[in-house]
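Trainee: Sequence:
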Amino acid sequence: MIEAIKSRIPRDVRHQIKAGKSVLACDEAGWNSLHLAVKVGSKRILMELLKAPEVKQNATRLNDGDQHGETPLHLAARLGRAELLLELLHAGANVDALDDYGRPPLERAITGNRDNVVEILLRYKADERLLEHEGKVDPAIKSRLSQMKRVKHMMKRH
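Last residue of the sequence shown? That's 158 in the numbering used here, and every number before it is there in order.
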């Protein structure tokens, strides 16, 4: 399955799925095929994987994390892959999933300066309270989020 995903040829992925290859099997780093599709940045491959019966029957597995708890949605947020993030959200990925460090996808998007992804996550009702760690929001994260919101507000007015 890994080579089929890396090839970025949806037909190869379809053949692997039909041959019974697992979409949700993990490598040594805890990545499954969904993580890899996000990494290579292929919407078509991701959509093939999301249509797989194994995924449809185990929708909660969309939130499986790697060895650090990073879900495919976290990865899409961190890398700024807005189209892939939307596909994962439409498929039922948890907008507020936390990695092993307590970070939601929203935090990964903010720290990565992925404004378009932040906007999408907020539209999908990402919980800003999850940005708090030990009762406080990192000042840099708070400042960056405020700046993003101001810019968005100013753009709406013009």
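These are calculated hints, taken from the structure and not from any lab test. Any given hint could be a false lead.
For lysine to any residue, the following SDA-like pairs were computed, each having C-alpha atoms within a straight-line distance of at most 20 Å [claimed, not checked]:
(1) K43 with G92
(2) K39 with T111
(3) K39 with D66
(4) K149 with E134
(5) K125 with D66
(6) K18 with N63
(7) K136 with N116
(8) K39 with R123
(9) K43 with Q67
(10) K136 with Q147
(11) K156 with N116
(12) K156 with A140
Trainee: Work down the list of hints and note, for each, if the structure agrees.
Mentor: Tested hints:
{"no.": "1", "hint": "K43 with G92", "verdict": "holds (16 Å)"}
{"no.": "2", "hint": "K39 with T111", "verdict": "holds (18 Å)"}
{"no.": "3", "hint": "K39 with D66", "verdict": "holds (13 Å)"}
{"no.": "4", "hint": "K149 with E134", "verdict": "violated (24 Å)"}
{"no.": "5", "hint": "K125 with D66", "verdict": "violated (24 Å)"}
{"no.": "6", "hint": "K18 with N63", "verdict": "violated (23 Å)"}
{"no.": "7", "hint": "K136 with N116", "verdict": "violated (25 Å)"}
{"no.": "8", "hint": "K39 with R123", "verdict": "violated (23 Å)"}
{"no.": "9", "hint": "K43 with Q67", "verdict": "violated (24 Å)"}
{"no.": "10", "hint": "K136 with Q147", "verdict": "holds (18 Å)"}
{"no.": "11", "hint": "K156 with N116", "verdict": "holds (14 Å)"}
{"no.": "12", "hint": "K156 with A140", "verdict": "violated (24 Å)"}
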